[in-house]
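Enquirer: Sequence:
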Amino acid sequence: VRARDVTCPIFTLVGAEDRINSPATVRRIAQRYRGRARYDELEGYSHWLLGEPGWEKIAGRVIDWLDEVLAKRKIG
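Numbering (our numbering), first residue to last: 1 to 76.
Hints are not guaranteed to be accurate.
Claimed, not checked - Under the rule of at most 20 angstroms between Cα atoms (straight-line distance), these lysine to aspartate or glutamate pairs were calculated in the DMTMM-like manner:
hint : residue 1 : residue 2
1    : 57        : 18
2    : 57        : 40
3    : 57        : 67
4    : 57        : 17
5    : 57        : 41
6    : 57        : 43
To be verified - Derived CB-CB ranges, DEER-like:
hint : residue 1 : residue 2 : range
7    : 72        : 17        : 19 to 25 angstroms
8    : 22        : 59        : 20 to 26 angstroms
9    : 16        : 75        : 29 to 35 angstroms
10   : 69        : 41        : 15 to 21 angstroms
11   : 62        : 7         : 18 to 24 angstroms
12   : 56        : 5         : 30 to 36 angstroms
13   : 28        : 48        : 18 to 24 angstroms
14   : 41        : 68        : 17 to 23 angstroms
15   : 53        : 2         : 33 to 39 angstroms
No lab work stands behind these hints, which were simulated from the structure alone.
Heads up, the beta-carbon is just placed ideally off N, CA and C, and yes, glycines get one too.
Given the sequences, and given the hints that come with them, work out the whole structure.
Expert: Have a look at this one:
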């Protein structure tokens, strides 16, 4: 998929200790979407974010982001 063809909001999350998809790689991917992607790096986490202790906080971040996106759509 070409980045310019993706028009929906994007939320990228990466664990700072991720050795499979490094933060640098995920950051570069997010940058390809030229402002449509939000990038968050999570200290103390590795690759399987939702399988690690504290996953509830990560899920909460995603829900908060979705709420923000949906609120903007209602306004716009």
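Enquirer: Which numbered hints are broken by the structure, listed smallest first?
Expert: 7
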